[in-house]
Amino acid sequence: MLADLLSNYMLTGKEIKMVLDGIRGTLWMTLASAFFGYILGLPMGILLTVTGQDGIKPNAFLYKIFDVLSNIFRSIPFLILLILVQPFTRFLLGKSYGATATIVPLTIAAAPYIARMVESSLKEVDHGVIEAAQSMGANHIQIVWKVLLMEARTSLIVNATIATNTILGYSAMAGACGGGGLGDIAIRYGYQRWQPHILLVTVILLIILAQMIQMIGMFIARMVDRRRVK
Amino acid sequence: MEPIIKIEHLNKEFKMKDTDVHALQDVSLDIYKGDIYGIIGMSGAGKSTLVRCLNFLERPTGGKVTVNGKDLSALSETDLRKARKDIGMIFQHFNLLMQRSVIDNVCFPMEIAGMNRREARKKAMEYLKIVDLEEKAKAYPAQLSGGQKQRVAIARVLASDPKILLCDEATSALDPQTTKSILQLLKQINREFGITIVVITHEMAVVQEICSHVAIIDQGNLVEHGTVEEIFLAPKSREAKRLIYQGYEKVAEMKGKRCVRIAFSENSSFEPVIGNMVLAFKAPVNILYANTRDLDGVAKGEMVLQLPEDEELAKKMVAFLKNERLAVEELESYVS
Numbered sequence: 001m002l003a004d005l006l007s008n009y010m011l012t013g014k015e016i017k018m019v020l021d022g023i024r025g026t027l028w029m030t031l032a033s034a035f036f037g038y039i040l041g042l043p044m045g046i047l048l049t050v051t052g053q054d055g056i057k058p059n060a061f062l063y064k065i066f067d068v069l070s071n072i073f074r075s076i077p078f079l080i081l082l083i084l085v086q087p088f089t090r091f092l093l094g095k096s097y098g099a100t101a102t103i104v105p106l107t108i109a110a111a112p113y114i115a116r117m118v119e120s121s122l123k124e125v126d127h128g129v130i131e132a133a134q135s136m137g138a139n140h141i142q143i144v145w146k147v148l149l150m151e152a153r154t155s156l157i158v159n160a161t162i163a164t165n166t167i168l169g170y171s172a173m174a175g176a177c178g179g180g181g182l183g184d185i186a187i188r189y190g191y192q193r194w195q196p197h198i199l200l201v202t203v204i205l206l207i208i209l210a211q212m213i214q215m216i217g218m219f220i221a222r223m224v225d226r227r228r229v230k
Numbered sequence: 001m002e003p004i005i006k007i008e009h010l011n012k013e014f015k016m017k018d019t020d021v022h023a024l025q026d027v028s029l030d031i032y033k034g035d036i037y038g039i040i041g042m043s044g045a046g047k048s049t050l051v052r053c054l055n056f057l058e059r060p061t062g063g064k065v066t067v068n069g070k071d072l073s074a075l076s077e078t079d080l081r082k083a084r085k086d087i088g089m090i091f092q093h094f095n096l097l098m099q100r101s102v103i104d105n106v107c108f109p110m111e112i113a114g115m116n117r118r119e120a121r122k123k124a125m126e127y128l129k130i131v132d133l134e135e136k137a138k139a140y141p142a143q144l145s146g147g148q149k150q151r152v153a154i155a156r157v158l159a160s161d162p163k164i165l166l167c168d169e170a171t172s173a174l175d176p177q178t179t180k181s182i183l184q185l186l187k188q189i190n191r192e193f194g195i196t197i198v199v200i201t202h203e204m205a206v207v208q209e210i211c212s213h214v215a216i217i218d219q220g221n222l223v224e225h226g227t228v229e230e231i232f233l234a235p236k237s238r239e240a241k242r243l244i245y246q247g248y249e250k251v252a253e254m255k256g257k258r259c260v261r262i263a264f265s266e267n268s269s270f271e272p273v274i275g276n277m278v279l280a281f282k283a284p285v286n287i288l289y290a291n292t293r294d295l296d297g298v299a300k301g302e303m304v305l306q307l308p309e310d311e312e313l314a315k316k317m318v319a320f321l322k323n324e325r326l327a328v329e330e331l332e333s334y335v336s
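Residue numbers (my numbering), protein chains in the order written: chain G, 1 to 230; chain E, 1 to 336.
Honestly, the hints are just simulated from the structure, not real lab data. Computed from a predicted model, the values in this text were never measured in an experiment. It is possible that some hints are incorrect.
Partial list, derived from the structure: chain E residues whose beta carbon lies under 7 Å from chain G [claimed, not checked]:
#  : residue
1  : ASN55
2  : LEU57
3  : ARG81
4  : LYS85
5  : MET89
6  : ASN95
7  : MET98
8  : ILE112
9  : ALA142
10 : SER160
11 : PHE193
Here are the simulated DSS-like cross-link-like pairs (lysine-lysine), alpha carbons at most 25 Å apart as the crow flies [stated by the list, open to error]:
#  : chain 1 : residue 1 : chain 2 : residue 2
12 : G       : LYS64     : E       : LYS17
13 : E       : LYS6      : E       : LYS180
14 : G       : LYS146    : E       : LYS123
15 : E       : LYS236    : G       : LYS64
16 : E       : LYS15     : G       : LYS123
17 : E       : LYS82     : G       : LYS57
18 : G       : LYS57     : E       : LYS17
If you anchor each label on the Cβ, the simulated ranges turn out as follows [what the hints assert, rightly or not]:
#  : chain 1 : residue 1 : chain 2 : residue 2 : range
19 : G       : ALA60     : E       : ALA173    : 32 to 42 Å
20 : G       : GLN53     : E       : GLN219    : 19 to 29 Å
21 : G       : MET223    : E       : ALA74     : 17 to 27 Å
22 : E       : ARG238    : G       : ARG228    : 41 to 51 Å
23 : E       : ASP161    : G       : ALA60     : 29 to 39 Å
24 : G       : ASP126    : E       : VAL21     : 18 to 28 Å
25 : E       : LYS138    : G       : LYS57     : 28 to 38 Å
26 : G       : ILE72     : E       : GLN177    : 50 to 60 Å
27 : G       : MET215    : E       : LYS138    : 22 to 32 Å
28 : G       : ILE207    : E       : MET42     : 13 to 23 Å
29 : G       : MET215    : E       : ALA205    : 45 to 55 Å
30 : G       : ILE141    : E       : ASP71     : 18 to 28 Å
Cβ coordinates follow ideal geometry from the N, Cα and C atoms, glycine included.
Chain G with its partners taken away, still in its complex shape (with noise of 0.2 Å):
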């Protein structure tokens, strides 16, 4: 269906398989970038809730220094940052191009900027219900996981969706740099050899996966919560 609707922009075979492949690649490293930002996001972003002013166990030294690391990464161009990085990417992966490689520097940027975003959802859970949970004998582990976390749900989905299409959008700039994916396709093919309907092509699909994850993200982001009256 996706082909036949492709043709109708006049692509050819071949590059519908060329486009199609670029979702493929765009997807994969969204989608790749995210789970690994969450998995060094999410502990960074506790960590600077329990040790931070206001946390349940304050502690200014670890905090500032996860702070100061979360602002120098995000204060990093993300072009900048890909090329930095490319030594360490051969170094993991072999190579510094295509689609897979570019995990790496995006994970690296989605990271911090995903820690904040995680301290800032944490931080809306009510004191009080923290200091109930306190009162009850709560230790801390118990309360990031079944306080902070529970309670905070809605809002780190929410996060979630927009930092997943922050992603998205830093993985098409990596295309300056052979990322791979759509908009490695929009750069070659839509800029340098001036084809402006690949180019239209791959913006559309652009964002219409944003509008996807969007909807995705607020759609699961809904069901949990249960703090609207039925």
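For this one, chain G is given, so just place chain E on it according to the hints.
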């Protein structure tokens, strides 16, 4: 008998940017098993800080708190958590887990204590029965009224099988009707489970309704404490008087001359004291205010009288009333 809560020379200071705030200054208080102890004060008096020092949600900067024979400041963090399981707490804004159903909220303390899920749910249903909310077990807090939320919070607190229950303005967000039913529930818990209750409030009515003892806190100081009856019949401090006279402070004429407040205890409330006095002196008195208050289940009357212009006569009347073993207090001195 050893008190279940012993507060000795408690101090709490908050370090602020420019100044240090003394939230509590040298507070000492003994609370015995089975008491319902009211701690009353205006907002900002330090009563919430005080109650938070009883389970170390707030760490005092000086003094000693002994609960169940354990000096809380000497406990390690792990032991403190264990000790807290004996000290339940309910809050003004209920503080339920909004993403958990009612029954899962009640299960929470049992869950963190490591009880298995089936047993916890079974017990949770029993606690919900006590607070009369079984049929709401599967509802979520957002679907409940304020009174129902506080009932869930009470069921949740019972689930940790506490010896002490701290109530931090637990009825302040509720309407009078609901307040009454929650207070009745607390009273029932006190009776049936033998749980010692500490009630923080700014409303005298709450103290009158359920408390056996009361302590009055003002600007971080404990100004007066005793049984509710003692304080009600003969308030000594200015703050105690202000709290007890809350009801009729507003009437302007009462601030006039020769006004006295009399309080009836049980044995004198059936005799027509005022009638007898008027007959004896053949002079009228003006009744400015009269009320019966329910003090911990015992009816207590109070009245504000304006005595005749004649100073001599007024003095004699006061003597007469005192002779009838009524608590008499001239209100002239109290014009705030």
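Here is how each hint holds up against the structure:
no.: 1; hint: ASN55; result: holds, 6 Å
no.: 2; hint: LEU57; result: holds, 6 Å
no.: 3; hint: ARG81; result: holds, 4 Å
no.: 4; hint: LYS85; result: holds, 4 Å
no.: 5; hint: MET89; result: holds, 4 Å
no.: 6; hint: ASN95; result: holds, 4 Å
no.: 7; hint: MET98; result: holds, 5 Å
no.: 8; hint: ILE112; result: holds, 5 Å
no.: 9; hint: ALA142; result: holds, 5 Å
no.: 10; hint: SER160; result: holds, 6 Å
no.: 11; hint: PHE193; result: violated, 17 Å
no.: 12; hint: G:LYS64 x E:LYS17; result: holds, 21 Å
no.: 13; hint: E:LYS6 x E:LYS180; result: violated, 29 Å
no.: 14; hint: G:LYS146 x E:LYS123; result: holds, 20 Å
no.: 15; hint: E:LYS236 x G:LYS64; result: violated, 53 Å
no.: 16; hint: E:LYS15 x G:LYS123; result: holds, 23 Å
no.: 17; hint: E:LYS82 x G:LYS57; result: holds, 18 Å
no.: 18; hint: G:LYS57 x E:LYS17; result: holds, 21 Å
no.: 19; hint: G:ALA60 x E:ALA173: 32 to 42 Å; result: holds, 35 Å
no.: 20; hint: G:GLN53 x E:GLN219: 19 to 29 Å; result: holds, 27 Å
no.: 21; hint: G:MET223 x E:ALA74: 17 to 27 Å; result: violated, 48 Å
no.: 22; hint: E:ARG238 x G:ARG228: 41 to 51 Å; result: holds, 49 Å
no.: 23; hint: E:ASP161 x G:ALA60: 29 to 39 Å; result: holds, 38 Å
no.: 24; hint: G:ASP126 x E:VAL21: 18 to 28 Å; result: holds, 24 Å
no.: 25; hint: E:LYS138 x G:LYS57: 28 to 38 Å; result: holds, 35 Å
no.: 26; hint: G:ILE72 x E:GLN177: 50 to 60 Å; result: holds, 58 Å
no.: 27; hint: G:MET215 x E:LYS138: 22 to 32 Å; result: holds, 29 Å
no.: 28; hint: G:ILE207 x E:MET42: 13 to 23 Å; result: violated, 59 Å
no.: 29; hint: G:MET215 x E:ALA205: 45 to 55 Å; result: holds, 53 Å
no.: 30; hint: G:ILE141 x E:ASP71: 18 to 28 Å; result: holds, 27 Å
Going through the hint list in order, the structure does not satisfy hints 11, 13, 15, 21 and 28.
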